[in-house]
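Residue numbers (my numbering), protein chains in the order written: chain A, 1 to 338; chain B, 1 to 338; chain C, 1 to 338; chain D, 1 to 338.
Keep in mind the hints are simulated off the structure, nothing from the lab. It is possible that some hints are incorrect.
DSBU-like, lysine-lysine: derived pairs with alpha carbons at most 35 Å apart [to be verified]: (1) B:Lys24 / C:Lys307; (2) C:Lys24 / B:Lys307; (3) C:Lys4 / B:Lys4; (4) A:Lys307 / A:Lys217; (5) C:Lys4 / B:Lys307.
Number of protein chains: 4
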Amino acid sequence: MERKFAVILGNLGNTRDRFCNGYKESPETLDMLRRAAAIPDVTGVELVGSWDIRADNAGQMRSALSDLGLQCVSIIPDLFADPCYGKGSYSSAEAAVRRRAIDYTRTMCDIARDLGCPLINLWPGQDGYDYLLCADYDRERGWMCEAVAELAEAYPDLKFALEYKPKEPRTHCYLARMADTLLLAQETGRMNVGVTIDTGHAFVAGETVAEAIVLAKRAGGRLFHMHFNDNYTTTDDDMIVGTVHTVAYLETVYWLDRCGYDGWLSMDQYPYREDAAGAIGESIQWLQQFLTLVEHNRSEIAALIEKQDPVATSRFLRSVLLDRGLAEHRMQGSLQTA
Amino acid sequence: MERKFAVILGNLGNTRDRFCNGYKESPETLDMLRRAAAIPDVTGVELVGSWDIRADNAGQMRSALSDLGLQCVSIIPDLFADPCYGKGSYSSAEAAVRRRAIDYTRTMCDIARDLGCPLINLWPGQDGYDYLLCADYDRERGWMCEAVAELAEAYPDLKFALEYKPKEPRTHCYLARMADTLLLAQETGRMNVGVTIDTGHAFVAGETVAEAIVLAKRAGGRLFHMHFNDNYTTTDDDMIVGTVHTVAYLETVYWLDRCGYDGWLSMDQYPYREDAAGAIGESIQWLQQFLTLVEHNRSEIAALIEKQDPVATSRFLRSVLLDRGLAEHRMQGSLQTA
Amino acid sequence: MERKFAVILGNLGNTRDRFCNGYKESPETLDMLRRAAAIPDVTGVELVGSWDIRADNAGQMRSALSDLGLQCVSIIPDLFADPCYGKGSYSSAEAAVRRRAIDYTRTMCDIARDLGCPLINLWPGQDGYDYLLCADYDRERGWMCEAVAELAEAYPDLKFALEYKPKEPRTHCYLARMADTLLLAQETGRMNVGVTIDTGHAFVAGETVAEAIVLAKRAGGRLFHMHFNDNYTTTDDDMIVGTVHTVAYLETVYWLDRCGYDGWLSMDQYPYREDAAGAIGESIQWLQQFLTLVEHNRSEIAALIEKQDPVATSRFLRSVLLDRGLAEHRMQGSLQTA
Amino acid sequence: MERKFAVILGNLGNTRDRFCNGYKESPETLDMLRRAAAIPDVTGVELVGSWDIRADNAGQMRSALSDLGLQCVSIIPDLFADPCYGKGSYSSAEAAVRRRAIDYTRTMCDIARDLGCPLINLWPGQDGYDYLLCADYDRERGWMCEAVAELAEAYPDLKFALEYKPKEPRTHCYLARMADTLLLAQETGRMNVGVTIDTGHAFVAGETVAEAIVLAKRAGGRLFHMHFNDNYTTTDDDMIVGTVHTVAYLETVYWLDRCGYDGWLSMDQYPYREDAAGAIGESIQWLQQFLTLVEHNRSEIAALIEKQDPVATSRFLRSVLLDRGLAEHRMQGSLQTA
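Taking the hints into account, I'd like the entire structure generated from these sequences.
Here you go:
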């Protein structure tokens with residue numbers, strides 16, 4: 001698997017929550033771009049529509065990206081921060097809002113083509129519901145599907161990666177988990193519609209990320225993009241990879257490799273109170289090391305999966321995570337076996 | 001929607017957990033059948049294979065059911081209690097176990113035909129995994145799919161309802177949520193493969209039951225069966241309907257009705273320490289009353305869903321759940337409006 | 001139990017989250033005060049320090065409250081929105097920040113005295129930690145305790161109600177659940193230190209609210225204040241009371257009454273997209289009706305609690321929530337018994 | 001911290017759940033004892049009353065333990081498997097059951113004295129409630145407290161360690177979390193009443209284990225015993241330590257050491273389908289290695305906790321878990337600094 005690391009540009013900006021309206025300073029876009037380029041191993045960025053990239057600054061951004069040696073990996077249309085989509089975008093009960101959301105996304109698709117960016121990451125976070133008996137699940141899912149299908153048909157050269165998340169900002173979001181998002185992708189009838197896994201969203205959804213990767217593969221190779229971060233499994237804490245989960249990332253990286261994932265490994269964090277570049281850089285280095293671990297142990301991991309023996313898997317995990325002596329012994333053992 | 005109430009026969013038997021090997025006495029099968037028939041409004045039963053129904057007692061059971069005026073609503077092959085399936089049935093790593101599970105299910109299908117039972121409820125609870133890096137998600141899901149497809153093809157006159165549940169007895173079960181189960185049903189390529197919603201399993205999965213109903217409808221009318229019980233959303237507590245959730249059941253019943261569900265409403269509880277017949281009877285009466293509520297307020301609920309105003313929905317809920325004065329006022333208001 | 005309803009003033013203002021910086025307009029403080037006074041049954045307000053109440057507007061607020069017939073039920077010092085407390089207030093690693101937090105709270109205590117407000121509601125939401133191995137749980141809990149003790153000693157005529165919440169804005173907050181908050185209250189050695197239950201926080205903490213009420217009573221009568229709202233148990237959704245949970249509120253209100261709670265019933269919601277006054281008013285009417293239900297059934301509920309029979313409790317719940325016929329029958333039965 | 005490893009004897013026996021009545025064979029007690037002794041580093045066992053240890057076999061067990069070089073670390077009276085306690089033991093609504101539970105425990109205390117076992121591990125798992133409005137939280141907590149106080153007073157030479165767990169076998173258990181258990185321990189007025197942390201129970205309770213350790217220390221040194229296992233945070237899966245959580249154990253071991261814990265490190269697993277001795281042995285080796293890690297990095301970890309910088313903590317974690325090169329570099333760096 002190619003090691004292509006990216007970051008969502010806004011991760012380097014200010015942070016806030018519903019209580020505190022800004023834990024940090026708000027840097028300029030070009031300043032954030034320079035900070036992104038300075039993070040070791042970062043060669044791509046994702047730009048949020050309206051915030052980072054608009055018709056009026058697209059030329060300037062293209063130059064800046066080129067100067068910094070960065071690729072625009074995806075554009076993420078802002079369907080979540082603009083209050084006009086506060087009660088939904090593609091599935092809004094108001095036809096005018098749905099139209100606006102689609103037209104706005106088309107503008108972003110045009111810019112993506114212009115920048116040579118191959119992927120639109122769609123996170124319709126406001127599309128969902130808060131209260132029971134307050135939404136027509138059938139009709140609204142239909143609208144969501146129609147909107148995505150229209151976009152995918154209009155831009156067959158672009159990939160549309162649907163990012164799922166069970167909750168926040170709504171108490172329930174329509175694109176909630178891998179499998180329901182795959183059902184919608186299939187319903188569009190277009191092969192350029194796929195899925196983005198955000199590891200943190202998958203944890204909150206109760207999923208095993210590796211199993212979600214397999215589901216996407218089985219549904220016709222629909223895993224288009226990866227967002228990385230960590231959390232305690234009940235909230236999208238957007239933390240540094242590896243600070244809560246360890247084994248889960250090793251398994252995730254292994255199955256990405258095994259399923260032939262060829263997309264970007266992009267960091268999507270929200271470093272409320274930490275140094276942003278430092279936090280993102282840490283995530284990348286964790287992943288680098290998990291990738292190295294997989295490369296060095298690919299056949300052994302495959303054998304463990306085949307063996308289905310938790311005791312053997314535990315012994316292996318200890319050997320690579322903790323026990324240098326055991327690791328060396330194991331390595332010698334496998335040399336002798338070979 | 002027709003009010004057809006059933007119960008899983010074993011609900012009336014002994015209960016145990018991993019600590020206590022029996023909170024109650026273990027009654028005879030025929031005794032449980034009599035108890036089931038005595039619960040008000042029960043006209044159907046679900047029989048667990050091996051426990052309640054086998055080749056050797058099928059004739060006797062047919063007579064007993066007939067005498068008691070009960071229909072056999074479904075057969076649930078025992079793929080979960082027999083230790084031979086302790087590490088999986090249709091997706092076991094051992095080919096012989098997979099074969100045995102399929103052949104055993106075929107025996108149950110034959111008995112179902114014999115009893116005039118139209119539906120096989122498949123809950124492969126042992127098919128899943130406990131530890132990370134101990135399962136081949138891809139291969140095992142494939143085996144599961146093949147097994148179900150073979151059965152559905154061999155018995156085109158029967159419906160196969162896949163019951164999903166995220167965990168227990170494994171820490172992760174393969175048929176975990178509505179949408180992944182629909183993906184597998186679709187992958188079989190057979191329209192006689194659908195889904196059973198167990199309301200408690202859906203709660204544990206983090207689903208809104210009504211939304212799951214809509215997903216099944218959109219996937220080609222694949223909601224085949226309903227199991228009812230309640231819980232606190234983190235564990236399959238199998239409690240009396242309505243003792244934890246209230247509004248969620250009202251919404252569930254409304255959408256079942258709206259989506260034209262024509263199957264059975266079957267109780268699937270595990271009354272560890274309570275009187276079983278009493279606990280099951282209570283669930284049915286809660287559902288009866290939710291059904292009446294929906295019948296009396298169908299158009300008003302539709303209007304609220306269209307309106308998407310939580311304050312209006314709250315006012316309606318209070319009126320039907322708590323405030324008789326408000327209810328009367330509202331009823332008069334709607335009369336005047338009409 | 002006296003029916004004294006209040007609202008946190010800010011509930012009537014703008015709402016935002018980390019994505020969207022304002023779903024609504026931002027009204028003036030006096031405008032919010034008028035809106036609060038117009039909600040049926042509201043006779044008290046809680047004021048957030050710095051936002052709603054400061055030394056410079058205390059006189060004006062006193063007049064406005066008096067004109068509108070409102071009592072100031074509590075002052076909530078802003079220890080959570082001011083970025084200076086972004087990494088903690090009373091338990092900040094910086095001594096100067098801890099001092100500032102205490103001194104700021106003292107200012108608020110002085111204003112409370114001035115307004116005749118008897119209670120300071122302390123929610124040190126930023127006091128906690130996000131990452132493992134990044135906090136000295138012992139030292140920081142000690143600082144928290146010292147700060148509260150200093151305040152409680154300096155203002156023996158005021159009550160200090162500690163509001164617990166397991167997470168948000170930190171991934172882990174120090175005052176997380178009822179029992180740990182009681183331990184800290186006891187450690188201060190002051191009887192004017194108690195606890196605020198926010199029903200939504202208790203749900204997220206996995207608590208049964210009624211049991212938390214009993215814990216506070218057993219710890220020397222330390223339940224000082226109540227905040228009401230609803231959620232789906234994993235996130236502090238701050239929704240309308242009764243739209244998710246039903247039975248839990250009935251039980252909560254029953255045990256408040258039984259334990260002799262004599263404080264305010266204050267609404268603490270965050271109506272992101274709904275009409276604020278409508279949403280708050282709904283919560284109050286749900287509570288009014290639960291209170292009426294308890295008043296009419298106090299002895300029957302006591303008998304059910306004594307009986308410990310879930311089937312009987314279920315029958316009662318159905319009778320009061322759904323079945324008017326059954327309710328009448330039951331009422332006649334109890335009349336005949338009497 | 002002394003490395004004293006123990007195991008609950010029953011971990012080596014058969015396993016079952018409410019579906020499957022036995023995944024394994026049921027070995028003899030003496031056979032389990034031999035298996036326990038054969039696990040590397042095990043020098044202690046915990047015996048469950050009635051199952052493993054009774055008046056009639058106490059002499060035989062004493063000899064067997066002596067022969068195998070094992071200490072009896074604790075006795076765990078069976079208050080959870082005997083159906084007579086199915087609705088509660090110390091807090092049962094029936095006075096005769098409460099008396100029986102206390103008298104039975106006294107018998108176990110006598111045996112403990114006889115065996116030179118210094119600690120009674122009390123897990124009253126059936127003491128709690130399933131349904132709302134079916135329990136008198138106040139009265140039952142009072143009974144629980146009285147029972148424990150009576151025992152602690154009668155056996156001042158024994159330590160009574162209360163093991164908390166939020167749910168299972170009841171939907172809600174009275175000893176649910178660290179802090180409420182400390183409140184009860186304090187209420188007994190006896191210093192020989194403390195707490196057992198089961199790491200898996202703490203995860204399910206939403207606790208940070210290290211913070212729970214600190215709470216127990218602050219409440220007068222009441223951490224008496226430790227049970228180790230792992231899970232996915234929503235269910236007590238009783239898995240091998242380190243197969244889900246990694247960093248959490250490192251932090252736990254660090255704070256045990258820092259707080260001067262001098263008790264046993266006992267394994268409490270439920271290896272449903274795995275080789276029991278292998279699974280338990282793995283947990284011990286994970287802990288051995290975490291302990292070594294703490295010993296080698298004690299001052300660095302202390303500095304990180306003081307620093308409160310998640311980026312620095314992440315870098316350290318990577319260095320000790322994954323990056324041997326970085327670890328060596330860091331080691332040299334600290335040597336040069338020193």
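Hints, verified against the model:
Between lysine 24 (chain B) and lysine 307 (chain C) the alpha-carbon distance is near 19 Å, which keeps this suggested pair within the 35 Å criterion. For the hint linking lysine 24 (chain C) to lysine 307 (chain B), the alpha-carbon distance of about 19 Å falls within 35 Å, and the restraint holds. Distance hint between lysine 4 (chain C) and lysine 4 (chain B) is unfulfilled; the C-alpha atoms sit about 47 Å from each other, more than 35 Å. A hinted pair counts as satisfied when its Cα atoms are at most 35 Å apart, and lysine 307 (chain A) with lysine 217 (chain A) qualifies at roughly 23 Å.
As the CA atoms of lysine 4 (chain C) and lysine 307 (chain B) are separated by approximately 32 Å, the hinted pair is consistent with the 35 Å bound.
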